[in-house]
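Visitor: Read off the chains here:
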Amino acid sequence: MELGDLPQEILIHIFSRLPPKSIGKCRCLAKLWLKLLSTSQFIKSHLTRKTRKENLLLITPSHSIHSISTIKDDAISRKLELPGNWYEVVGSCDGLVLLINKGFEKFLVNPITLQLVKVPNSPLALNMNESICLDGFGYDSCSDDYKVVTLSHYDTINKPRPNDIFVDVYSVKRGVWKRVDNFPYDHPPVVELSRGAFVNGAIHWLASRREPGSRPVIVAFSLADEVFDEIPTPSGVVILQNSVLNELVVCGGYLCLIDNNQMNVWTMEEYGLKESWTKLSIHADYKNAVFNPLCFIGEEEVVVLNEWENLVAYNRTSGTLTDMVVDGGPAMAIDGCTIVESLVSPAFIGA
Amino acid sequence: MARKNRNPVGKNVDPEAQKKKTRTLTLKSSDGQEFSISESAAVLSIAIENMVEDDCAGGVIPLPLVDGGTLARVITYLNKHAEDGASDEEKRKFDEEFVSGMEMGVLFDVVLAANYLDIRGLLREVRRRIADRMKNKSVEWVRKTFHIESDFTPEEEEQMKKEFAWAWEGVDSDVDD
Numbered sequence: 001m002e003l004g005d006l007p008q009e010i011l012i013h014i015f016s017r018l019p020p021k022s023i024g025k026c027r028c029l030a031k032l033w034l035k036l037l038s039t040s041q042f043i044k045s046h047l048t049r050k051t052r053k054e055n056l057l058l059i060t061p062s063h064s065i066h067s068i069s070t071i072k073d074d075a076i077s078r079k080l081e082l083p084g085n086w087y088e089v090v091g092s093c094d095g096l097v098l099l100i101n102k103g104f105e106k107f108l109v110n111p112i113t114l115q116l117v118k119v120p121n122s123p124l125a126l127n128m129n130e131s132i133c134l135d136g137f138g139y140d141s142c143s144d145d146y147k148v149v150t151l152s153h154y155d156t157i158n159k160p161r162p163n164d165i166f167v168d169v170y171s172v173k174r175g176v177w178k179r180v181d182n183f184p185y186d187h188p189p190v191v192e193l194s195r196g197a198f199v200n201g202a203i204h205w206l207a208s209r210r211e212p213g214s215r216p217v218i219v220a221f222s223l224a225d226e227v228f229d230e231i232p233t234p235s236g237v238v239i240l241q242n243s244v245l246n247e248l249v250v251c252g253g254y255l256c257l258i259d260n261n262q263m264n265v266w267t268m269e270e271y272g273l274k275e276s277w278t279k280l281s282i283h284a285d286y287k288n289a290v291f292n293p294l295c296f297i298g299e300e301e302v303v304v305l306n307e308w309e310n311l312v313a314y315n316r317t318s319g320t321l322t323d324m325v326v327d328g329g330p331a332m333a334i335d336g337c338t339i340v341e342s343l344v345s346p347a348f349i350g351a
Numbered sequence: 001m002a003r004k005n006r007n008p009v010g011k012n013v014d015p016e017a018q019k020k021k022t023r024t025l026t027l028k029s030s031d032g033q034e035f036s037i038s039e040s041a042a043v044l045s046i047a048i049e050n051m052v053e054d055d056c057a058g059g060v061i062p063l064p065l066v067d068g069g070t071l072a073r074v075i076t077y078l079n080k081h082a083e084d085g086a087s088d089e090e091k092r093k094f095d096e097e098f099v100s101g102m103e104m105g106v107l108f109d110v111v112l113a114a115n116y117l118d119i120r121g122l123l124r125e126v127r128r129r130i131a132d133r134m135k136n137k138s139v140e141w142v143r144k145t146f147h148i149e150s151d152f153t154p155e156e157e158e159q160m161k162k163e164f165a166w167a168w169e170g171v172d173s174d175v176d177d
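The listed protein sequences correspond, in order, to chains A and B. Quick note: the first sequence, position 9, residue 9 per UniProt numbering, numbers continuous. Quick note: the second sequence, position 15, residue 15 per UniProt numbering, numbers continuous.
Worth double-checking, as some hints may not be accurate.
Below, computed lysine-lysine pairings styled on DSS-like, alpha-carbon distance capped at 25 Å [to be verified]:
1. LYS118(A) to LYS173(A)
2. LYS162(B) to LYS35(A)
3. LYS79(A) to LYS162(B)
4. LYS21(B) to LYS91(B)
5. LYS53(A) to LYS135(B)
6. LYS44(A) to LYS161(B)
7. LYS72(A) to LYS135(B)
8. LYS80(B) to LYS91(B)
9. LYS35(A) to LYS173(A)
10. LYS35(A) to LYS161(B)
11. LYS53(A) to LYS79(A)
12. LYS21(B) to LYS93(B)
13. LYS118(A) to LYS178(A)
14. LYS135(B) to LYS35(A)
15. LYS44(A) to LYS173(A)
16. LYS80(B) to LYS19(B)
17. LYS31(A) to LYS135(B)
18. LYS79(A) to LYS135(B)
19. LYS31(A) to LYS44(A)
20. LYS91(B) to LYS20(B)
21. LYS31(A) to LYS162(B)
22. LYS44(A) to LYS135(B)
23. LYS162(B) to LYS144(B)
24. LYS79(A) to LYS118(A)
25. LYS118(A) to LYS106(A)
26. LYS35(A) to LYS144(B)
27. LYS80(B) to LYS20(B)
28. LYS144(B) to LYS31(A)
29. LYS162(B) to LYS118(A)
30. LYS31(A) to LYS161(B)
31. LYS80(B) to LYS28(B)
32. LYS161(B) to LYS79(A)
I should point out that these hints are in silico values taken from the structure, not numbers from a laboratory. From a predicted model like this one, the values you see are computed outputs, not experimental measurements.
Model the full assembly from the supplied sequences, consistent with the hints where possible.
Guide: Structural data, given as structure tokens:
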């Protein structure tokens, strides 16, 4: 009895437990293993194991990408061989991350396998110099496809122009952009910070209803149905119109609403349930500072990227903020996100 | 369910469960060895449970895909898991020890038997054990341990090393945990 004699189903279960790098090596064992461990069935099974490890990806001030595999104070990072001048993380899903470089080009990257695929610009995109666009990235389980969603509108500050907000959706599987119905809201209050937050099959943005005087709401764009819906906001939180102080992010797998005005992070613990919003107050000196929570360390700590590009850890019990040490010094980053370790290909060689 | 035993000390014992404990079945391995086992332990295998329910179990249950040595091991596992009063912690510890001493070939036999007999807990445990032994190992180590011969040409091998270079970055090799 040899390993290769076991039924395929058992082999898939066994190999699904291994970290991606072990799989990479096992693909080099022999042809049988290269084939079995490269099938989309195996990659999916490997992805859906519950205990997939999360890494923290950071874009450094020098615009390279670093990865931290054990997220803790005094962590060690590794510079990834991903040539480019990186500026922004749009979002991550299933081990893929959508990154934007200096030239505003979008790349879909698997930071484990270092595969990198350019997402072409939409032929329908507005001229970049006179428009503003907000991106989001996520997975549609209905069509088994990864999608990039871009909301774009003309810059109306300097010149009166139509205020339509166009919604363009890119299918990674098919490699095509299409335009769906216009965004039925006014554009989100903040521009640079309003990338979409992907949770529960939908990409979320803050936006205002079109009626005058109405408060901003959380809108969810379902990747399966490609329509917008609203998600309840926490009771008692006033999202300010045109404020730079509110933001939606994903942290610990939850949709989080940042209220920089009050220094609160609201976490929606049960998706769609208004009562499940839970508040974490950050008692720290810098009020009205913009910060971006990246991940939790255990129950106690939340790792935050602040507007001075420092990575800090807030301990909710002691109420203290401490600079995080990475590679022996205080960590600096311009953007970041957590990402699971997976073998999913950004080129999406489908089933 | 109304008939379920809610009293751990056992005044209102479920008569059906009681019967299963006292009733014994005989399992016959591929090499003709026969083993007695209480029905309550045997039915932890979904496959055996189905055979008992369909009343195919007229005395002896033949298991033509499991040899005697492997069946003896499986029965040890089933008996422990059917034991009255064994805590989850105790069972977990037992599982750990049960698989830790097994040679790789034995693990393969047991995983096949657990798969065939549909014993979910055992299947999970053995799969985990096999995976743990392979984690972060070098290609050479895995080839040697699992008797896998490469069928790549030297050129293909070079090509593979290049294509999967990422797999060699920043990992310790051959460290057993």
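Visitor: Against each hint, give a clear statement of whether it holds in the structure.
Guide: Comparing the hints with the structure gives:
1. LYS118(A) to LYS173(A): Holds, at roughly 13 Å.
2. LYS162(B) to LYS35(A): Cα-Cα ~17 Å, so holds.
3. LYS79(A) to LYS162(B): holds, 19 Å
4. LYS21(B) to LYS91(B): Between LYS21(B) and LYS91(B) the Cα gap is close to 19 Å, so the pair holds against 25 Å.
5. LYS53(A) to LYS135(B): Holds, because 14 Å separates the two Cα atoms, which is no more than 25 Å.
6. LYS44(A) to LYS161(B): Status holds; Cα separation ~24 Å.
7. LYS72(A) to LYS135(B): holds, 23 Å
8. LYS80(B) to LYS91(B): Answer holds: LYS80(B) to LYS91(B) is near 7 Å, not above 25 Å.
9. LYS35(A) to LYS173(A): holds, 21 Å
10. LYS35(A) to LYS161(B): holds, 16 Å
11. LYS53(A) to LYS79(A): Measuring from Cα to Cα gives roughly 18 Å; hence the hint holds.
12. LYS21(B) to LYS93(B): Holds, because 24 Å separates the two Cα atoms, which is no more than 25 Å.
13. LYS118(A) to LYS178(A): Measuring from Cα to Cα gives roughly 17 Å; hence the hint holds.
14. LYS135(B) to LYS35(A): holds, 19 Å
15. LYS44(A) to LYS173(A): holds, 15 Å
16. LYS80(B) to LYS19(B): holds, 18 Å
17. LYS31(A) to LYS135(B): Roughly 20 Å between the alpha carbons, so the hint for LYS31(A) and LYS135(B) holds.
18. LYS79(A) to LYS135(B): Distance ~23 Å between LYS79(A) and LYS135(B) Cα, so the pair holds.
19. LYS31(A) to LYS44(A): holds, 20 Å
20. LYS91(B) to LYS20(B): holds, 21 Å
21. LYS31(A) to LYS162(B): Given that 25 Å is the threshold and the Cα spacing comes to 16 Å, the pair holds.
22. LYS44(A) to LYS135(B): holds, 19 Å
23. LYS162(B) to LYS144(B): Holds. LYS162(B) to LYS144(B) sits at ~22 Å (cutoff 25 Å).
24. LYS79(A) to LYS118(A): Holds. LYS79(A) to LYS118(A) sits at ~20 Å (cutoff 25 Å).
25. LYS118(A) to LYS106(A): holds, 6 Å
26. LYS35(A) to LYS144(B): Holds. LYS35(A) to LYS144(B) sits at ~20 Å (cutoff 25 Å).
27. LYS80(B) to LYS20(B): Distance of about 16 Å is within 25 Å: holds.
28. LYS144(B) to LYS31(A): It holds: about 16 Å lies between the C-alpha atoms, which stays within 25 Å.
29. LYS162(B) to LYS118(A): Holds, at roughly 22 Å.
30. LYS31(A) to LYS161(B): Distance ~14 Å between LYS31(A) and LYS161(B) Cα, so the pair holds.
31. LYS80(B) to LYS28(B): holds, 20 Å
32. LYS161(B) to LYS79(A): Satisfied, since the Cα-Cα distance of roughly 20 Å is no more than 25 Å.
Violation of the numbered hints given earlier is absent; every hint is satisfied by the structure.
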